[in-house]
Amino acid sequence: MHREEQGSDFLNPDRLFPQGPALSIARELYESVANLPIVSPHGHTDPAWFAENRPFTDAAALFLTPDHYVLRMLQSQGISYDRLGVPRKDGRPVAEGREAWRLFAANYHLFAGTPSRMWIDHSLNFAFGLTEPLSAQNADALYDLINKRLADPDLLPLAVLDRANVEVIATTEFALDPLTHHRALKEKGLIGRIRTTYRPDDVTDPDVPGFRENIVRLAEITGEDTARWEGLIEAHRKRRAAFREMGAVATDHGVPSAATADLPAADKQKLLDDALAGRLDAAGRELFRAQMLTEMAGLSAEDGMVMQIHAGSRRNTDPVLMAERGPNLGADIPMRTDFVNGLSPLLSRYGNAENFRLILFTLDESTYARELAPMAGYWSSLRIGPPWWFHDSSNGIRRYLDQVVETAGFYNLAGFNDDTRALLSIPARHDLWRREVCRFLALLVAEHRLSKASAREIAAYLSYQAAKDAYKL
Amino acid sequence: MHREEQGSDFLNPDRLFPQGPALSIARELYESVANLPIVSPHGHTDPAWFAENRPFTDAAALFLTPDHYVLRMLQSQGISYDRLGVPRKDGRPVAEGREAWRLFAANYHLFAGTPSRMWIDHSLNFAFGLTEPLSAQNADALYDLINKRLADPDLLPLAVLDRANVEVIATTEFALDPLTHHRALKEKGLIGRIRTTYRPDDVTDPDVPGFRENIVRLAEITGEDTARWEGLIEAHRKRRAAFREMGAVATDHGVPSAATADLPAADKQKLLDDALAGRLDAAGRELFRAQMLTEMAGLSAEDGMVMQIHAGSRRNTDPVLMAERGPNLGADIPMRTDFVNGLSPLLSRYGNAENFRLILFTLDESTYARELAPMAGYWSSLRIGPPWWFHDSSNGIRRYLDQVVETAGFYNLAGFNDDTRALLSIPARHDLWRREVCRFLALLVAEHRLSKASAREIAAYLSYQAAKDAYKL
Amino acid sequence: MHREEQGSDFLNPDRLFPQGPALSIARELYESVANLPIVSPHGHTDPAWFAENRPFTDAAALFLTPDHYVLRMLQSQGISYDRLGVPRKDGRPVAEGREAWRLFAANYHLFAGTPSRMWIDHSLNFAFGLTEPLSAQNADALYDLINKRLADPDLLPLAVLDRANVEVIATTEFALDPLTHHRALKEKGLIGRIRTTYRPDDVTDPDVPGFRENIVRLAEITGEDTARWEGLIEAHRKRRAAFREMGAVATDHGVPSAATADLPAADKQKLLDDALAGRLDAAGRELFRAQMLTEMAGLSAEDGMVMQIHAGSRRNTDPVLMAERGPNLGADIPMRTDFVNGLSPLLSRYGNAENFRLILFTLDESTYARELAPMAGYWSSLRIGPPWWFHDSSNGIRRYLDQVVETAGFYNLAGFNDDTRALLSIPARHDLWRREVCRFLALLVAEHRLSKASAREIAAYLSYQAAKDAYKL
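Chains as they are written, first to last, in full-length UniProt numbering: chain A, 1 to 473; chain B, 1 to 473; chain C, 1 to 473.
Bear in mind the hints are in silico, worked out from the structure with no lab data behind them. The reader is advised that the hints may include incorrect statements.
Since copy identity is lost for identical chains, a pair holds within one copy or between any two.
Distance condition first, Cα-Cα at most 16 Å in a straight line; then the derived EDC-like pairs of lysine to aspartate or glutamate [to be verified]: (1) K452 <-> D9; (2) K270 <-> E230; (3) K188 <-> E52; (4) K270 <-> E286; (5) K452 <-> E132; (6) K188 <-> E245; (7) K472 <-> E354; (8) K238 <-> D303.
The structure presented is a predicted model; accordingly, all values stated were derived computationally and were not measured.
If we strip away everything but chain A, and leave its shape as in the complex, we get (with noise of 0.2 Å):
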């Protein structure tokens, strides 16, 4: 039904680089930073991966049934779940492995022009050898390729992380997570090369199935009283300590809005008992996880862990995929966020403390220019996060740096993360933000806005320094 692409332009050399005269500044600043380590300090491999570093299982188990940016796309199209092999939660049967895997690659025409397309091509060259994009004539001897290749040692998960030279990796686990993998890791000496990351939602967040219960298991874990303000204080304390000796140099906040607050003493515990007693309505949950926040950075600016905040998804707007399937699996949709307002009590407070950092990402475009680039440029604990999920892209980082580099300036900026579940995608995504960086860098220096000198300077900075700075590794 639809033709093939033609194989002799894929993954050409020069792809994403400027037409013009910028094409050969683009190219000699991308040779000067195409083999940089990645630092990759945000991220969400699964830790067991490292630790047990075993294969991986089959092809659509690799590239498909794990990619909720793969799966929506399918299912925008009128493919079920079912038929790409999700798992129910039912245990009623879907697709299997090879069946799901055609028709992935019988599709594969719906991704051009997507992040995703390039990033599997990368990945599918990158392990597998691929010279051709992935189709319904090559999909069956691909997938046995792949499923013959996954026993290989150079395809074992630390095998990876050596080919694509990842110098550092960040996991990210909840605060009740035993942090077992980590614990092996650290065993095997592989802590520092892999770490782990505070991510406290399960016992900051009241619309979290399970947070009282949550909110116990935290006090029986840490032996504080957690039904107290300054014991629930303590807990994560002590919790943040126990994963900064599995590496974590960092905290993550996901949350749907960025509001924060500053309360009085009282107030914080009435909010509290509140919370344990089921008593919050929607407002007073936003009013937890908003004082929650500025408590993560309260403790942030004394223990120096920096701090990320995610902020603006509207997480599982499908009940149906929710309740026949589960989270994660590309229902999450962004909203509009106000950093300005939301913020305010926490930079009131903390904004330019001296062992204070605070990442911030966003899923609304609109706030680059108008919020964050001008409030990265006045704060010093601020950073901008690199473009988020559906805007980690090729046109998502243009419109980024367009919109924050005049007014954020370069060092504002924390560099990349690519913020994946998916291994294989990790060297594809820092190559593509690093081409898009030196395009972006190209252009300024052919309009004599930028001498090639800092323009070589900042494309490393960007590639590599800057998520070692921002993340303080």
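Given the coordinates of chain A, work out where chains B and C should sit on it, guided by the hints.
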């Protein structure tokens, strides 16, 4: 006063194409789509034109007084609607055609850089062979030429459809419309090429003047008890069927916001009771519209008619204009729109329903990347309509493609709508869309993000087939 | 630490121009406007400079401490305002000029890619002949050179106006300002070239410290009973006349939102009573400002003064900075702004009033295409001000022209404002605007969207005549 445009570059065949290496690719792509038939699934042409097939009256009535883009621009520079010949409700005299035309021509420089300029240049060339821009110098001669030519057989409305290679065109009628002209068209065997669209704002929006009378009239037409919720919905069911007999494949809904609701039956009846008693405040009227959108979605899931939502216009912002001359004369202004929270009730129920198709149109470009593309990239019912109204322009199309494609892909786009009241501008508008699509694709090819074969396929899809697919034609 | 910029590309004559075929068009357009006189109808230079015409004190006082763009960027990277020599309210010592200047120079790389970098490079070249960028190496020598040169006749404030070819410049004074310096200027025959602007925020905004005392003082100055609404308006009428005697052609209004109101007389008096009694809550203070904007519009329709609204800044977001050093030092951050609903009461009354002119400025770029362009493309009173504050930059201007021109045209734009407190940056800012305008027009010409003759005309208009027309100069 203002120097004339030089005629030599008038309608240059390379207009809008990118400079540099992508130019030849754009040319090649454009050649492959330039002559495809026009599919116009949403617009506001007058069905009487096609049913009666009589000549248009004069140049001003053709190009000036019905074109709110043109009127508003002249008004913004202090040229009153009286002087432009826009009729008054009180019947007081306004300028005559030639006088208004001269004023338009003398101020044609105001349209530099606007889409109106491109549409009018193209239309004047298409219909009257003009090879230089309208100006004070050629105003009179052109006025005479147009008026002389209007009676020629090749400028009768049906002949214009032929010359413009229009395969199918949809008009838009309210629920109470008798569809007289479509009946005449049916007798002539023209339904199919010309179709109506069901736009029930007259009976779904309590803010419409005469709303309560309209509900009574709806009862009379359908024989249903429209004071009962079930009867009201049944009446819609009947009207939709009647519209389908006149070729309708779609419904259309003009709403100030994208709010939807999914209330229990008792609340719906109470809402209707209050609406018919005139007891609804602004929030209640909003809720009525919100519930009606969800009802319409349910009926679409049932009868397969494609649902269109045009959300976010604040209508009639100039009370003086409204009082003196009525609506649709240029004083409607876009507002911020929230699709994510607004559509949640409707999509939670029907978002992945098998027979349901919903096309969304926005006037708030900040929703492209933040809301519409992520939503259309998940829900199987959703398609993103083309840039609407103020954004249906070269740069508007560029921003649209830039911001939607990476997340929604090409195949969740609904192709092009000309959405026009101006018959002669239809080929101009489709040509502009095709040029911009080819430009966008050519740049992707030049950056090695897309093969030329895929680009050709997508160019044809977005120029022609996407509209047929989206509207189930 | 950071490599120096290479001097060879310093202020390249082709800077900011497009690459490829449009380059020569941009050059040609720019040559035709580069030397036009500067019209600066809105800004914040100190009238004492022109009235007294005394030398500036030192390099840091000229380039560093008054420039909040520069201060905030250095502060964002952890360089405290103490070390930058920004005076404290408590009189505790801060760094001296040379020390602060060295710090600025050593961190000049932070400004890569920012407009500050372009403005300062240009200013240092314009005033002191510098041909390489500021750096740690040349900091001391440059500091000495600047301080030595400041007493030279060609660097006195009035001489700078001559050298920069400034035809007219407006300062901005509050309603209670005695206009002492403008009186002195009037005696010297300089009113006309130098003009004041009426900015009555001190008596229209109940959130201004000392508001109630200011209203009393306004009564004393004008002899009106400012506790009565009619008296308050009459007092404005008198102050506006007094400002016009000092050359004022415009008023200016700095407001957090674009809210306006049109209340009945009794409500207005009650609002004033409550304001004077200190009884207004936040919503009441917002309503007071909202009503005052409509009153000011009424007075402008009466006396012909051009009204400017600068809406959407959240002022003084850092309470520590405010307490220690005061306002206007870099901690003001943009907020989302709603012009459509906000301005509705004002425009419903005065939007097409014959003598009324309103220029709107936004910090929320999402309003360009969605609100400002559609509004300015309808109401005859409206003009869109140039990109403001954080958006007055190369990419900011590109986004502005991209998003406003197609709907508002070129002739509803107000030309350029430099809006600066930094005298030496005035030619730099106008030059940047002219370059970007020529770039935009050159790209339109290269795409065959505009004839070269029209582009030349529009380039001259936006560089010079538009500001004179918009401000009735």
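Now for the hints, and whether the structure bears them out:
1. K452 <-> D9: The answer is between: 9 Å across copies meets 16 Å, while 29 Å in one copy does not.
2. K270 <-> E230: Within one copy, since 12 Å is at most 16 Å while 47 Å is not.
3. K188 <-> E52: within (11 Å within a copy, 75 Å between copies)
4. K270 <-> E286: So K270 and E286 pass the 16 Å test inside one copy only (14 Å; across, 32 Å).
5. K452 <-> E132: between (35 Å within a copy, 15 Å between copies)
6. K188 <-> E245: So K188 and E245 pass the 16 Å test inside one copy only (14 Å; across, 74 Å).
7. K472 <-> E354: within (13 Å within a copy, 51 Å between copies)
8. K238 <-> D303: within (11 Å within a copy, 60 Å between copies)
Checked against the numbered hints given earlier, this structure breaks none of them.
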